[in-house]
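Chains as they are written, first to last, in the working numbering: chain A, 1 to 425; chain B, 1 to 425; chain C, 1 to 425.
Derived from the structure by calculation, the hints contain no laboratory data.
Incorrect hints may have been included.
It does not matter which identical chain is meant; a pair holds if it fits inside one copy or across any two.
Claimed, not checked - Calculated pairs, DSSO-like style, for lysine-lysine (alpha carbon to alpha carbon, straight line, at most 27 Å):
(1) 249 / 4
(2) 249 / 56
(3) 185 / 91
(4) 372 / 306
(5) 185 / 306
(6) 306 / 56
This structure is a prediction, so every number in the text was calculated from the model and none was measured.
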Amino acid sequence: MRFKFSITALLLEVIFIILFGVFVEYDAGSVDLYAYFKDVHVMIFIGFGFLMAFLKKYGFSSVGINMLIAALGLQWGTLIQGFLHGGVGGKIRISIKSMINADFSTATALISFGAVLGKTSPVQMLFLTLLEIAIFALNEYLVMEILQATDTGASMTIHAFGAYFGLAVTLILYRPGLQNKYENKNSTYHSDIFAMIGTLFLWIFWPSFNSAIAAEGDKIKTIINTYYALAACAVVTFGLSSLLDQRGKFSMVLIQNATLAGGVAVGTCADLAIHPFVAMCIGSIAGTISVLGFRFLTPVLASKMKIQDTCGVHNLHGLPGILGGIAGIIVTAVQPETKRGVQLTVGRQTAALSGTVGIALLSGALTGAILKLSMWGQIPDQNCFDDSAYWEVPEEEKLPEILLNNYNEHSRVESTMWTFIGCRI
Amino acid sequence: MRFKFSITALLLEVIFIILFGVFVEYDAGSVDLYAYFKDVHVMIFIGFGFLMAFLKKYGFSSVGINMLIAALGLQWGTLIQGFLHGGVGGKIRISIKSMINADFSTATALISFGAVLGKTSPVQMLFLTLLEIAIFALNEYLVMEILQATDTGASMTIHAFGAYFGLAVTLILYRPGLQNKYENKNSTYHSDIFAMIGTLFLWIFWPSFNSAIAAEGDKIKTIINTYYALAACAVVTFGLSSLLDQRGKFSMVLIQNATLAGGVAVGTCADLAIHPFVAMCIGSIAGTISVLGFRFLTPVLASKMKIQDTCGVHNLHGLPGILGGIAGIIVTAVQPETKRGVQLTVGRQTAALSGTVGIALLSGALTGAILKLSMWGQIPDQNCFDDSAYWEVPEEEKLPEILLNNYNEHSRVESTMWTFIGCRI
Amino acid sequence: MRFKFSITALLLEVIFIILFGVFVEYDAGSVDLYAYFKDVHVMIFIGFGFLMAFLKKYGFSSVGINMLIAALGLQWGTLIQGFLHGGVGGKIRISIKSMINADFSTATALISFGAVLGKTSPVQMLFLTLLEIAIFALNEYLVMEILQATDTGASMTIHAFGAYFGLAVTLILYRPGLQNKYENKNSTYHSDIFAMIGTLFLWIFWPSFNSAIAAEGDKIKTIINTYYALAACAVVTFGLSSLLDQRGKFSMVLIQNATLAGGVAVGTCADLAIHPFVAMCIGSIAGTISVLGFRFLTPVLASKMKIQDTCGVHNLHGLPGILGGIAGIIVTAVQPETKRGVQLTVGRQTAALSGTVGIALLSGALTGAILKLSMWGQIPDQNCFDDSAYWEVPEEEKLPEILLNNYNEHSRVESTMWTFIGCRI
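Next up, chain A with everything else stripped away, as it sits in the complex (with noise of 0.2 Å):
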């Protein structure tokens, strides 16, 4: 790994500076939009970051990678979005707009990033970041410039977008030595906590995330639905967790994730003037198809489907949003609106769900194929979920691990000695 990984790094580093000097320049725009764009970029660091760090041994790949990946895919993310939306007289304009939608790219990757985690080397990460970036700044295009649906919140173009596109190449990288339960695909208590840390800033300032590039006038409006609706998923998610449990008991993965399946699903049409109580049933729903999800779905997934969704993004990122999608068209065809000077359409709506959906598994499941390719060298499957495969790891941890050997072989040595006795009285 160390001059692959390194050399691929330095290098796109390299590039990325040069097409920058090239092609980007100031934009003379105010910083109102910087409040926002902060919130968006604590989501993308500490909440993704800490949200998948739940694994026991994986928290430093987790909060680590998800760093180098947004540090990467943002400066890839203002390159692409800005060739794509052309820019004035060929030079791309950084406003704080430009920066809250390159964190926005990074998220897809991010999304991506927890279907494959633990799977997946450092040098693959890269190039399925500049992979994803690239093909979801494409199709974002398409669903605003070309389709010209809304979708202000991105439960589309990001969430169902990531999630479908992980799920492809955690399909094509499937491994079937991971299907016996291992170990290290458990938490511990402390994990479970710093992932809290992750679930809880992002729940805090998703309002903002789904009202950072919505208009100046529906930003109130958005704000409020998604608080709303957070709010009434997190009380269905607590209820239907205790619900399904034999004994009652809350499922740690289900506060941490389906909790946040509200904010997803209300993204598409939460600028829109849907009413509060709207709001929370679009979020009590996710809740209840995020928690069934996790609960019925990703076992049969990964048993039948070779599916293994390491952090569920399809609960939390794949079905919400796509109910997200579908709640669009609903509220479109119900209450006609107009965006961006545009009048939405039930077609136009369906048509920017079905697309991405579409392109993400296909784009995906090319980009696993990519990675599949044996000049990446795959990690065994005895290193997955496993930092130090990657990291030096502080040696200390493993003193209980110590103990339990010697008194295993203490134990070994004395019934020898006993049987020995055992002759000789």
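Position chains B and C relative to chain A; hints supplied.
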């Protein structure tokens, strides 16, 4: 717990959605206050949640049930506050300010949660949340609208109210079996550091808490007063923590809690022109009584008065809240001001303080009596302070325990064998 | 420590309150900068605190003493900066901007705290804070008012100053006994993840740090430059971290620290029209020298030059701070600009950089000599890097140790017995 909790939670959500559908509309307000809302939101979900995560085996509940209470409570608070404050044409209008007030209302239930932490079930907390937020809203209406007292940072209406409500509940729910020292009531090294995440986010954003609903022109004063009150309080807390320990060592429970007392105590008069050095005096006194409360009062309350205050909310919210009320009375007496068009008077402020504490104690005792009904199925003492009563907890945490048991069993067998050999040889 | 520390802290607080009473008044400023203040506040209390929490047994001190230093320092900084900058009619006027500057002033003491972390007592840190903040304010006055140099993001006046001051202190306080590898100087798996909380909040909010006191019209440029400098720096750090390891593995200490060097280095010229790609170059070079510093320079400083730099502040703040100063000189030479009505010159910038480093080294050495006086009661080497010297630490942490001791004792007894049996049989 399975059906009691889940049916209650899901039913409540359905009722909320219906009530929102009937009564709630968007307000055409601006997003100016959104920056303050977000800070309060972080304090409610991260601040309160992690502050309570100091217990060895109760981190899931602290962070998780905190989220549940707040997500449920903010919907309920929106409705109750909306009904009380009238609304235009019978409708409740949602603005950023009403969202801030909704978040505020949940703070009372979260403070009371700190008093009963580890001793109540989630279903009991649902009912506590409903009852407390309703009574809080009534008391706040009394203080602000009828008495027309000032309490911008809510020293009285949130902090003192939440604390004395919770103390009354915990008195009624008294468990003699918990008087003995409980292993699970301790912290661990890392749980104490998790708690500091809560402490620091509360400390950092407290100026926003106190200024969120202050008049536009008073915000800067409120921010400055809270900032310096907290700084003085923190230094005094460190000084006293060392002074009161025989070996001069700092106590984590004091640093986690008493450093925040200055923010509580300066709340009532933070938006008055009290001068920064007066704010620092209030902060210093708050730190002092908080430290003294933890050291000397809490043990007495537990042993003599049957008040088992798990997080010491009396010292963080109760006493500093009363101090805040008294400071408000003194400031009003010394330097009469006009707030919202009304002349502040010593009488109104005194009535607000004593009324708030009285209502909190009475309604808390009543709520405690309701929560004591056998229909809720109290958990046995030995399951208190233990997440595994309500959560699926990762197993691996028990490794050291397994080792210890193995080791003890091993020693026992060996002793028997030695005796046996002794007889033979 | 009991009386020395507590009397000092409490006495200082009394003095501060008196000085505030005599000299400090509210300023009638706006709250416009409050959004920037809050980010800086998070960086100071969460960012610096958790970044230093990587040590196995020093998390309480890192997070707690960080809070103490900052809470004390911001009051002292307010006074010192206020006295230096005159004030209207002999009064110091508090605005959000002065609060930002007060927080900034504490950053120097926190950086120096990183250099001596684990080796000084809390009472020593009180005096270091007082001395350093006073000298920082003088040096800042020299740089900004007398030399009229530019250093908006404070690469020189905060980062280089804090680092070289701290390095001089640690040189004077040199402890030969700590040269051997110390078990407690290591991290644990979870302490490294705690540290990443600090890293990420610093990384996320660094654009606010650099732009907080930039002129309104320069803020957007400053934010953009810092954002891309950090992104480039992070990618380069990951690349080099892998490249420099024999097995290509990432090093947590590098990811925690060197990823931030870009924010430090771009500080001086972030508000100049340097073009984003130049910011990225500066960030990349900063990451490179920071990584190289950690790998090659820190061991040499410790073994050859008696500079024991616990957190490696030389690599995060020292070298990148100097780089920032040099970048400022070069930019000034290439593209002359006017700041605050004054033409920037190479001479002024060079004088600012060399003056800052010189003053930091001299005053740091002097401060070290004062802290070395026997009256402070140095802790013995074996208590270094151990919270239990100054904090009540939860006992449960020692379980594995107990097990190990039990086990060893057990083995010892057993061996004796075997020998005894051997003789008998």
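Each hint, compared with the structure:
When the C-alpha separation of residue 249 and residue 4 is checked against a cutoff of 27 Å, the pair qualifies only between copies, where the shortest distance is 12 Å, while the shortest distance within a copy is 46 Å. For a Cα distance limit of 27 Å, the shortest separation of residue 249 from residue 56 qualifies both inside one copy, at 21 Å, and across copies, at 19 Å. In the homo-oligomer, the alpha carbons of residue 185 and residue 91 never lie at most 27 Å apart, since the shortest distance is 46 Å inside one protomer and 50 Å across protomers. In this assembly of identical chains, residue 372 and residue 306 lie within 27 Å of each other by CA distance solely inside one copy; the values are 15 Å within and 50 Å between copies.
Proximity of residue 185 to residue 306 under the C-alpha cut-off of 27 Å is restricted to the intra-copy arrangement: shortest distance 17 Å within a copy versus 45 Å between copies. Proximity of residue 306 to residue 56 under the C-alpha cut-off of 27 Å is restricted to the intra-copy arrangement: shortest distance 23 Å within a copy versus 39 Å between copies.
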